[in-house]
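Chains as they are written, first to last, in the working numbering: chain Z, 183 to 287; chain D, 2 to 81.
Please keep in mind that the hints were generated in silico from the structure rather than gathered at the bench.
Predicted model, so just to flag it, every value in this text is computed and none were measured.
Note that beta-carbon positions come from the ideal geometry of N, C-alpha and C, so glycine has one too.
Just to be clear, a hint being listed does not mean it is correct.
[Stated by the list, open to error] Label-pair restraints from in silico Cβ distances:
{"hint": "1", "chain 1": "Z", "residue 1": "E219", "chain 2": "D", "residue 2": "Q53", "range": "23 to 31 Å"}
{"hint": "2", "chain 1": "Z", "residue 1": "Q278", "chain 2": "D", "residue 2": "M2", "range": "35 to 43 Å"}
{"hint": "3", "chain 1": "D", "residue 1": "E74", "chain 2": "Z", "residue 2": "A283", "range": "26 to 34 Å"}
{"hint": "4", "chain 1": "Z", "residue 1": "Q273", "chain 2": "D", "residue 2": "Q14", "range": "29 to 37 Å"}
Each chain, written out:
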Amino acid sequence: MDAQDKIKTQIEDNDVMLYMKGSAMFPQCGFSGRAVEILKACGADFETVDVLSNPDIREGIKQFSNWPTIPQLYIKGEFIGGSDIMLELYQNGELQDKINALKAG
Amino acid sequence: MVTPEDIKGWIEQGIDDCTVEIEGDGQHFYATVISPAFSGKNRVQQHQLVYQVLGDRMKEQIHALSMQTMSPEEHAARAG
Chain Z
183 MDAQDKIKTQ IEDNDVMLYM KGSAMFPQCG FSGRAVEILK ACGADFETVD
233 VLSNPDIREG IKQFSNWPTI PQLYIKGEFI GGSDIMLELY QNGELQDKIN
283 ALKAG
Chain D
2 MVTPEDIKGW IEQGIDDCTV EIEGDGQHFY ATVISPAFSG KNRVQQHQLV
52 YQVLGDRMKE QIHALSMQTM SPEEHAARAG
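Make a model of the complete structure from these sequences and hints.
Right, dumping it as structure tokens:
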């Protein structure tokens, strides 16, 4: 399976999918760490892919989303954004609404 | 080393009528960009426009860039 197909499967199989550097337990970059903290604060059940240990995904996700930086968040297969957008959506409550909607559904 | 002024210049060249403020230390940069080019675009599309303008510099020269983008209308609503 090539990287694009892998990514498609990952975002279809996981409602909240975070592409990051490192793991949720041990983020390897400040922006990825912030993304994890935000999802935790929203009470989200989320999966992560460590792009540092998956170089094909690291390049593939940039192409897939047309977005050159990591982390990247997908909810229900929709690209939400990077850590700046996550922070904004967290602060204005929209991210919490999306997470709540998943739980209600 | 990349300076905040470099990044400001690159963004200003690539996006019409934009106002750019940048802070940074050569490693991490924080940009605020306001432009009518962002009107009618969602936040993802706005950031994509800035990334597109910076192109390969995002891979090679700029290690970390935080940004806030908004159209003049969004800026006015925020200030008001």
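Worksheet item: When the hints from earlier in the document are held up against this structure, which numbers fail?
Response: Structure breaks no hint.
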